[in-house]
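Each chain, letter by letter, is given below.
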Amino acid sequence: MLLISTAFVALARNQARVLGMPAMPTVVLPHPIGGTPLESVLAKVDAALPEIIAKLTTPLATEVKAAAAADASSTWVEIDSSDEWHGLQREFIERGWGDGLPLVPPTEARVAAMVGGAGLPKEHIVGVVAPSMGVATVELIAANAVMAGCRPEHMPVLVAAVQAMVEPQFNLYGCQATTHCVAPLLIVSGPLTRKLNIHSGSGLFGPGPWANGVIGRAVRLILLNIGGAKPVDIDKATMGHPGKYTYCIAENEEASPWPSLRAERGFTAEVSTVTVVGGEAPHNINDHESVTANGVLTTVCGAIAESGQNTVYYNNAEPLLILGPEHAATIAAEGFTKDDVKRSVYDNARIPMTRFSQEIIERRFWRRLATRYRNMHTDTLVTVAQRPEDVMVMVAGGAGKHSMWVPTFGSTRSVTRAILKADGTAWLPSDF
Amino acid sequence: MKLCSPAGHTLPLSLSAVARPRSLEGLRIGLLNNCKAPVDKMMEHIERKLRAMSPGVEIYSVAKMMASQPAEAKMLLGLRQNCDVVINALGD
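Line by line, the protein sequences are chains B and E. Numbering-wise, the first sequence is residues 1 to 432 according to this note's numbering. Numbering-wise, the second sequence is residues 1 to 92 according to this note's numbering.
So that you can see chain B by itself, here it is in the shape it has in the complex (with noise of 0.2 Å):
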């Protein structure tokens, strides 16, 4: 039986029905459990003990249902449409199709359009999101992306973006339902970033005249509609971000004085690559002042060593450092490779444990980071990320002596995808 806080039920619901339960047996708490004395948990778990045993001992409603077949085919639906403007938000809105901004309406001709820009058949299944298990078939891909506005030559990048996010070491789920702020960042990288009009240069992270935004918005919609992560009752996020709107940035190859993203990653020229970080909102690091390698990285790091992120708190946490072109050329002036740059953050990015509570200490590094951390005393220096490679660099933005820091959800792991078509090749600037 599941033991629950009354913040989640409609989350434990949902996920009891996705994996075949619905009929779970469920004892709920009043909200909120951590956070608060133990004495008054402890009152709540007494209060519950009677239902808790009762559910433990009593016969279950019997579910068994002959399984049924496999379909993931679209739904379409007749809307009204004499109010053609207003009425038809009003719908998607009572329909809980969207995320609150105007909606382009998903036709037929529209998706017919976009899921032909995807190359691969309407039914071809590219992944299962995660909360809901949503199967996401291009049409349905293609369904969001109209509603996002975006255009069909836009397609392979969200095809490469749901398989990378449905990937398990991205673990779409824990990043769907979490109270962190968390969203999915698209970073795409490659020669289809020009064709397509993906912005890298100034104000990337937006607003502008370029496809960022709908690219970005799609891939909420698919993460709203499909993995069916609606805010409040499934997607928990305590805050959320505006990235929660759109998130997707493209990395600024031709600015960057090292290998890009995906050449590290072990990609050849030709082929684009679409990146997916957990990323919690960008975090300014301003220095308009330091003329050497070591000044600019006083400052990131200094910005970078801050408690309260969750990268801090994992084992495996990747955050992501975007240093603007100037910030680049100024440390790559000295010789500094990106792997200098990852080291000074993890050697100087640090944080005194005495800027963290008893509590934090005793069970997130104590206990959580054991290995690390056990039983040491308040005056260590805590890191960013648990090695020097797990800290990520790029290159992205435009003129001007600012960089970015983008703390992640720490429980996942970036994703690198290649922009490929049905036939495994990459797609390839010329092929729009």
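There could be a bad hint or two in this list.
To be verified - Distance condition first, Cα-Cα at most 27 Å in a straight line; then the derived BS3-like pairs of lysine-lysine:
id : chain 1 : residue 1 : chain 2 : residue 2
1  : B       : Lys236    : B       : Lys44
2  : E       : Lys64     : B       : Lys44
3  : B       : Lys236    : E       : Lys64
4  : B       : Lys421    : B       : Lys122
5  : B       : Lys55     : E       : Lys41
6  : E       : Lys49     : B       : Lys44
7  : E       : Lys74     : B       : Lys55
8  : B       : Lys122    : B       : Lys44
9  : E       : Lys2      : B       : Lys236
10 : B       : Lys230    : E       : Lys64
11 : E       : Lys2      : B       : Lys55
12 : E       : Lys74     : E       : Lys41
13 : B       : Lys122    : E       : Lys2
14 : B       : Lys44     : E       : Lys36
15 : B       : Lys55     : E       : Lys64
Stated by the list, open to error - Not the full set, but computed from the structure, chain E residues with beta-carbon under 7 Å of chain B:
id : residue
16 : His9
17 : Leu13
18 : Met42
19 : Val62
20 : Ser68
21 : Gly78
22 : Leu79
23 : Asn82
24 : Ile87
Simulated from the structure, these hints should not be mistaken for laboratory data. Quick reminder that beta carbons are idealized off the backbone N, C-alpha and C, glycines included.
Since chain B is already given, all that's left is putting chain E on it; use the hints.
Frame of chain B; chain E shown alone:
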């Protein structure tokens, strides 16, 4: 206007529950701690209470390392092999 619903379909799983025991007597009870605070203390408290109610119960306690990841296959196998029922903490 005919529109494509953007919502996904979940491929159906059908599971049948094991028969519920009639009482706690001699029961093997699993306690699955999702590692959120203070679930460990809650589970210890539940264990004390269960033992006080029915001294013959066997308690099999396990704890995930990360709340947001599924329990590992080895842990699930242990619960399956060693428990008649499981109390699973979920959420914050």
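Any hints from earlier that this structure breaks? Give me their numbers in increasing order, please. 8, 9, 11, 19, 21, 22, 23
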